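Participant: Those protein sequences? They're chains A and B, same order as listed. When you read off a place in the first sequence, starting at 1, and then add 54, the result is the number in the numbering used here. When you read off a place in the second sequence, starting at 1, and then add 54, the result is the number in the numbering used here.
None of these hints come from the bench; they were simulated from the model. Everything numeric in this text was worked out from a predicted model, so none of it was measured. Treat each hint with caution, since some may be false.
Said to hold, decoys possible - With beta-carbon atoms standing in for the labels, derived distance ranges:
hint, chain 1, residue 1, chain 2, residue 2, range
1, B, G232, A, P329, 54 to 64 Å
2, A, R121, B, G441, 51 to 61 Å
3, A, R248, B, R295, 52 to 62 Å
In this text, a Cβ means the ideal position worked out from N, Cα and C, and glycines have one as well.
2 protein chains.
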Amino acid sequence: MPTTLDTAALSLGAQKLAQAKEFLRSSPLEAWLLVVRESKDRPDPSLRLFTEQDFTWNSFFLVTPGRSAALVATFDAPDLERSGLFDEVRTYKEGARAALVSLLGELNPRSIGLNFSKDDALADGLTAGLKDSVEEMLRGTPLAGRLQSAEQLVALLRGVKLPIERELIRSAVDETEGMFDRAAREFRLGMSAREIAGVFHREAARAGVPTAWSSRHCPTVTIGPNAAIGHVSPGDERIDRGCVVHVDFGIVRSGYCSDLQRAWYVAGEGDAAAPEPVRRAYAAVVGGIELAAGALIPGTPGWEVDLKVRTHLTSLGYPEYAHALGHHLGRAVHDGGGVLGPRWERYGRAPYEAVREGHVYTLEPSLHLPDHGLISLEEDVAVGPRGAEFLSRFPRELPVLTLS
Amino acid sequence: MPTTLDTAALSLGAQKLAQAKEFLRSSPLEAWLLVVRESKDRPDPSLRLFTEQDFTWNSFFLVTPGRSAALVATFDAPDLERSGLFDEVRTYKEGARAALVSLLGELNPRSIGLNFSKDDALADGLTAGLKDSVEEMLRGTPLAGRLQSAEQLVALLRGVKLPIERELIRSAVDETEGMFDRAAREFRLGMSAREIAGVFHREAARAGVPTAWSSRHCPTVTIGPNAAIGHVSPGDERIDRGCVVHVDFGIVRSGYCSDLQRAWYVAGEGDAAAPEPVRRAYAAVVGGIELAAGALIPGTPGWEVDLKVRTHLTSLGYPEYAHALGHHLGRAVHDGGGVLGPRWERYGRAPYEAVREGHVYTLEPSLHLPDHGLISLEEDVAVGPRGAEFLSRFPRELPVLTLS
């Protein structure tokens, strides 16, 4: 994001906190209150933007344009104090209510954003009972009626990546591309989807990084036309001549995710090239991604970008893909905020969010050929002032493997 | 728990689902509805009782005394269907509302429990915005007014361990005891708290298990009287003659946690035994744990157990410990439900919950001696019909180390 702050010397957590203060300056919210307890088991993903520390008891993190303050139980305080992250750390022993009312009362914000959101899972960090607790703590004070959703602020803060965040994603993507290269060199005829997944798991273990989503279905491996599609554990389908192999895989490196899909055609006996329907489908997917990259202009609503690609594919005679064109990518593999997706009920308001400079998206149109299988690519791109920059390699030619 | 079901042949997840159905038979709730989305980043810890699978889109898991059903987006379905865990798996594509209303309408429960709770973080698995979404989906249907907190059911289900769960905790505890033994053999004069933590991290890595809470402060290592107390990263304090070394550490093994504290006295020059105040304090802590174990009779409210130990220590002239005597232990290190703690605001209603057969607790009274440091033990116990059974070794004699 084009921040005006000189934050280069600060830790990434401190830079994100400075960014939050900056976004609050032009926000309808006068304060943002992040509340967690047992944060290891009930994490608010926004807390991880600032600190890796976990907090056991009710813990309050208040940010205003000019100030940040934390209120935590005595036992949770020492590490937070040492980190120097918050301008102020207050503590309580038996109960937080009085200290919370007093902290908020001093700043007296006219609107206080909490992390709840119907449409944005990553901005929905506050649990339902804890929200009730906060409301109860403020009952009878002038602060009671001032609680609002902070979803717009959280979407900005998660969505608009700082340069250092974009580079961390790029580095996760780079490493993942290398894993795809090495894995594909191990493909053999008769190898099962489960064995292919094992190769990727070995790559991740060797690099000492977790997979970007549950390793049960990361990677998702789809071989041929009969494999189940979706978030599915790899099965017993095996690589055969003339089949399409498709892999969806990502890692987390230094807290940031990659998310890539690659497809290969396994040459049949005597045919070095893929059949025309496969080549045509791959070219349609590539064309869709080109279209999307060109459409990622700041200010464009996500659904418009999706619709361009959706229409491109249907106009070529393919069925609509049953998912969104792409999603934000960051600390979470589905990083929340808007989505480059259709205006379907399940996406709520997310498709209406506008693309912004600093956003990082996946682009992943897909086709399923009944005779050949899943043809899909997934590229990771960053939005600049005039369009998208590819963080991934975007293989425009279908790779054909001649295996033994 | 004394289940009457023949569940031994089922997976642990299926056993817990059977246990949920059984608890629902005598619950004021007629149905339990667990709702998640982006469950990797926004997990409901109760979902993990049944499955390790993650779900991307709004996903609904409904349990009644006689039936279980899941409603998930098409892409999330295949693995869940294969698992056979739920009696029925339904899917939706564009939006879940119609399918949810129809599923609930068929069963027509008069009360539906959702996972929200002001007092119990582990029963507060539903996020605030997602709760709003569910309410919105049911608006205008007869189901709208029937949503309630499922906290009592969740507390039972997490709290009352099946025999296999108790054995998994015992096995995590056993392994942790071995780690403590080996680590203590590596203690040397001049070794820092941070280096001690490193020894425990190496033990965990060698066993291929994660620490039970953030490895930033698992273990917590406290050397001498001047170290910060609480959930603190280990610092530069070093082992010296005549000091007390205290370690709080746990692991997760097969999904279940251990949580132990051990203390050692490092012999001074020429004195093989610990000074009298240290011995007296250790004996007071041991006595407190004995008292607690005897008081863990099914039906006793948690605060009564805590009060016995608290009074025991204050009657000996020590200050009150600034925390609870103990907490549930299970899949989470603070496994939710009640607490063996004082009736302080921050514990809400948790101290009023009664001890039950099948509960597993930590017992961890602590003392801080201004001249010597933290004297505390933490034992893990399971509640049987007539009192507590120790899962840990409970070292009743203060170990004295003669180091070089």
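Participant: The hint says 51 to 61 Å between R121 of chain A and G441 of chain B; measuring C-beta to C-beta, is that right?
Facilitator: 52 Å, holds
Participant: Taking the Cβ atom of G232 of chain B and the Cβ atom of P329 of chain A, is their distance within the range 54 to 64 Å?
Facilitator: 59 Å, holds
Participant: Holds or violated: the 52 to 62 Å window for the beta-carbon distance between R248 of chain A and R295 of chain B?
Facilitator: Between R248 of chain A and R295 of chain B, where Cβ atoms are some 57 Å apart, the hint holds.
Comparing the model with each numbered hint stated earlier shows that all of them hold.
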